[in-house]
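The task is simple: from the sequences and hints, build the whole structure.
2 protein chains.
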Amino acid sequence: MVEIRKPIQVAEAVRLVMEHVTKLGTEIVPLENAYGRVLAEPIIAKHDVPPFDRSPYDGFAIRALDSEGASGNNRLPFHVIGEIGAGHIGDRPIGEKEAYRIMTGAQIPENADAVVMFEQTVESGNGFTLRKPFEVGENISFKGEDCKKGEQLIEAGTLIHPGTIALLATFGYAYVEVAIKPVVGILSTGTELLDVADELEPGKIRNSNGPMIRAQLDRMGISYKSYGMAADELDTCAFVVEQALAETDFLITTGGVSVGDYDYLPAIYERLGAKVLFNKVAMRPGSVTTVAALDGKLLFGLSGNPSACFTGFELFTRPAIVGMMGGTNPYMPRMKATLGEDFKKPNPFTRFVRASWGFTEQGVVAVPAGFNKSSAVSSIARGNCIIVLPSGTRGFATSDEVDILLLGSELGVSEWTL
Amino acid sequence: MVEIRKPIQVAEAVRLVMEHVTKLGTEIVPLENAYGRVLAEPIIAKHDVPPFDRSPYDGFAIRALDSEGASGNNRLPFHVIGEIGAGHIGDRPIGEKEAYRIMTGAQIPENADAVVMFEQTVESGNGFTLRKPFEVGENISFKGEDCKKGEQLIEAGTLIHPGTIALLATFGYAYVEVAIKPVVGILSTGTELLDVADELEPGKIRNSNGPMIRAQLDRMGISYKSYGMAADELDTCAFVVEQALAETDFLITTGGVSVGDYDYLPAIYERLGAKVLFNKVAMRPGSVTTVAALDGKLLFGLSGNPSACFTGFELFTRPAIVGMMGGTNPYMPRMKATLGEDFKKPNPFTRFVRASWGFTEQGVVAVPAGFNKSSAVSSIARGNCIIVLPSGTRGFATSDEVDILLLGSELGVSEWTL
Chain A
65 MVEIRKPIQV
75 AEAVRLVMEH
85 VTKLGTEIVP
95 LENAYGRVLA
105 EPIIAKHDVP
115 PFDRSPYDGF
125 AIRALDSEGA
135 SGNNRLPFHV
145 IGEIGAGHIG
155 DRPIGEKEAY
165 RIMTGAQIPE
175 NADAVVMFEQ
185 TVESGNGFTL
195 RKPFEVGENI
205 SFKGEDCKKG
215 EQLIEAGTLI
225 HPGTIALLAT
235 FGYAYVEVAI
245 KPVVGILSTG
255 TELLDVADEL
265 EPGKIRNSNG
275 PMIRAQLDRM
285 GISYKSYGMA
295 ADELDTCAFV
305 VEQALAETDF
315 LITTGGVSVG
325 DYDYLPAIYE
335 RLGAKVLFNK
345 VAMRPGSVTT
355 VAALDGKLLF
365 GLSGNPSACF
375 TGFELFTRPA
385 IVGMMGGTNP
395 YMPRMKATLG
405 EDFKKPNPFT
415 RFVRASWGFT
425 EQGVVAVPAG
435 FNKSSAVSSI
445 ARGNCIIVLP
455 SGTRGFATSD
465 EVDILLLGSE
475 LGVSEWTL
Chain B
65 MVEIRKPIQV
75 AEAVRLVMEH
85 VTKLGTEIVP
95 LENAYGRVLA
105 EPIIAKHDVP
115 PFDRSPYDGF
125 AIRALDSEGA
135 SGNNRLPFHV
145 IGEIGAGHIG
155 DRPIGEKEAY
165 RIMTGAQIPE
175 NADAVVMFEQ
185 TVESGNGFTL
195 RKPFEVGENI
205 SFKGEDCKKG
215 EQLIEAGTLI
225 HPGTIALLAT
235 FGYAYVEVAI
245 KPVVGILSTG
255 TELLDVADEL
265 EPGKIRNSNG
275 PMIRAQLDRM
285 GISYKSYGMA
295 ADELDTCAFV
305 VEQALAETDF
315 LITTGGVSVG
325 DYDYLPAIYE
335 RLGAKVLFNK
345 VAMRPGSVTT
355 VAALDGKLLF
365 GLSGNPSACF
375 TGFELFTRPA
385 IVGMMGGTNP
395 YMPRMKATLG
405 EDFKKPNPFT
415 RFVRASWGFT
425 EQGVVAVPAG
435 FNKSSAVSSI
445 ARGNCIIVLP
455 SGTRGFATSD
465 EVDILLLGSE
475 LGVSEWTL
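Chains as they are written, first to last, in this note's numbering: chain A, 65 to 482; chain B, 65 to 482.
By construction, these hints were calculated from the structure, which means they are not laboratory data.
Careful: at least some of the hints might be erroneous.
No copy labels: a pair is met if it fits in one copy or bridges any two.
[What the hints assert, rightly or not] The list that follows gives simulated cross-link-like pairs (lysine-lysine, DSS-like), each with its CA atoms no further than 25 Å apart:
#	residue 1	residue 2
1	Lys344	Lys437
2	Lys196	Lys409
3	Lys437	Lys207
4	Lys213	Lys437
5	Lys409	Lys212
6	Lys437	Lys110
7	Lys409	Lys207
8	Lys70	Lys437
Pasting the structure below:
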């Protein structure tokens, strides 16, 4: 008896997964450990930036009114009363025809309202002359021109990248409230699996999905517990799954989700009382991708086929993990590209083709990364995007416009739009 | 006296930096630590993939010739002699009208040359019947169809990403030869700098460049030694620079590279006998970016202005670090976008504008991330790309086509093309 499964569309599968995501709460970390985390609080400007009027150049701070009437024929003289390096402040306000020598980033002294760059002056003795008038505010970086105290600059739910770190440092966030990261359990199932260090044996292959998923999690900065490889034996698998669920926040299994005689994950979900969100998606590769929910935890049953496993992770697992951290941009960025090569095989399901995009004279061109069956492993190692070919009865030809999803992009997007 | 510096073009600066990069050699790491490293050896297929003919479906392995003449009116019977789960092999070759029940991924038994899916059969007793003939090779994943033994699949110099890990695991690379990573020294200079945890003081700002650069290195998986902050004092700075050079492979300083009275980096380079590759680049922000070379090590003098510092790192420092590891794709990916907002200020230098790109009905649209002076910090925290506006006398308007460089992209490109 073959079980008949009803495939659902990818967008619907994404929606179901995200609907079942449970957030894990927040914690406080020192700024130096905050890179790559998801902000759990907004970044609020704690003061104006710049915090004071300052000089954007090396030059002289003057009163603009003292420069009125200056010209090539009427150079006006200024007396330099001191020097202000960055981090220092002037001793006293400047008076008529007085100036401070001032360095980039230094605070404008009292009464000054313009900065003259060195190259606009002729220095003489303890002063200089000018040949043009300056306007009030000329060459001044004003207090608050970058941001104003109290302004909300970055929303909670944003990934902390290097630019975010600069902003947090500016406002003295020595500690930052971030989302707690889930600990993910990984279990590879399949009697055919050997360890990486094992010699090949007849009928067997090395486990590539386990190491690949660990790297997909490494890329996200997410830690994991590896439960190794389980042979296709129901009680053993069920025992390991239960143990993993007790010890982790999220479980990824590979293999065992099809309808074969030794595909035990469906039986394990049933035994545990997990709610199966879907067990068939209208996509290639990865149509057998199965996701279940139990006590607020998600169980991802990814295909044992490497290409299918990779794609299932990027489409569903990664967004779910980002979602558990309250991340507001969990999806791969999408754009259009020109197909660089024929892809003639039509498919009743949406097809995700591992590919390389590059910028050429024809604009963005995406070329399939090679052998593209769901069992393929070589194409996963090549390329930087996934071409998405809609389901239908026709193939695709060179120069067709197609959608691509960018892999390995630091910042994602907020909506799934395919 | 103001020193007059001769600006060079960005492409020339990139070329000069890359020309002075010294590679650090290679080391062997376990596969589980290989993510994010640069391959120092090519990945060679150590065996065919798949390593044996295998079944891509759950079904029955048969001899195609036994199905000749099958039709709806003439269902042909097969006798099932056993079952082959993935990882197992058949006990004996199949004979006339015999079949093995076979699972996805299992090795095709001897004499079989086609697989019939369960749904194409009617099971009866210890056998089944067929209603159509099968061709030799139908539904078989052939040995070597993904890759052939001896084939070079991935070149040395490639970044190891999750897909690469899958391929390495497949071929039993329990250990991988990768490029040694440089240790980078970071020194922030400037008397105006406070630590992140300090209260603001008149004339002072918190050091944001140091934490930002640490995060830019974290993002690359590169370790660093932080030499804190040095006040603008020549002997102190020179001492710290010498110490850092002795202890690290690569030095990044921020601030002190302009022509102000306290900009000591030029003097320090001279004192050390370092060869200054350039000290002015025709770009905004970051025109004062200075790079020097000494005894095979590069010294990056980035601007103290946050936006300029960020941009200088992404344009020059990051590619140099990737280059030290023999990485063949050190540059940010480039593409075209529609400008989403006017940018009216013309500039005699190439302008790099921090921005956000997104995919809309108008295609890829890039919008500047806000306040865009070189001293800006808020805009660095926003956005996912840099708009590149060529130098000239005109501004740019909404809907103009512009180049953008993608930030935070796992895989870069091999050439600088702007």
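- Task: Go through the copies and call it for Lys437 and Lys110: within, between, both or neither, with a Cα cutoff of 25 Å.
- Result: Cα proximity of Lys437 and Lys110: across copies only (20 Å, versus 54 Å in one copy).
- Item | Homomeric proximity label, Lys409 with Lys212: Cα distance no greater than 25 Å | between (57 Å within a copy, 23 Å between copies)
- Message: When Cα atoms must be at most 25 Å apart, do Lys344 and Lys437 count as within-copy, between-copy, both, or neither?
- Response: within (18 Å within a copy, 52 Å between copies)
- Between the shortest in-copy and the shortest cross-copy C-alpha distance, which are at most 25 Å for Lys409 and Lys207: within, between, both, or neither? between (62 Å within a copy, 21 Å between copies)
- Message: At most 25 Å between alpha carbons: which applies to Lys437 and Lys207, within, between, both or neither?
- Response: So Lys437 and Lys207 pass the 25 Å test across copies only (13 Å; inside, 60 Å).
- Query: How would you label the pair Lys196, Lys409 (within, between, both, or neither) given a Cα cut-off of 25 Å?
  - Reply: Between copies only: 23 Å across, 73 Å inside.
- Query: Between copies, within a copy, both or neither: which fits Lys70 and Lys437 at Cα up to 25 Å?
  - Reply: For Lys70 and Lys437, only the intra-copy Cα distance (22 Å) is at most 25 Å; the inter-copy one is 56 Å.
- With 25 Å as the alpha-carbon cut-off, assign the pair Lys213 and Lys437 to within, between, both or neither. For Lys213 and Lys437, only the inter-copy Cα distance (19 Å) is at most 25 Å; the intra-copy one is 56 Å.
Violated hints for the displayed structure: none, as all numbered hints are satisfied.
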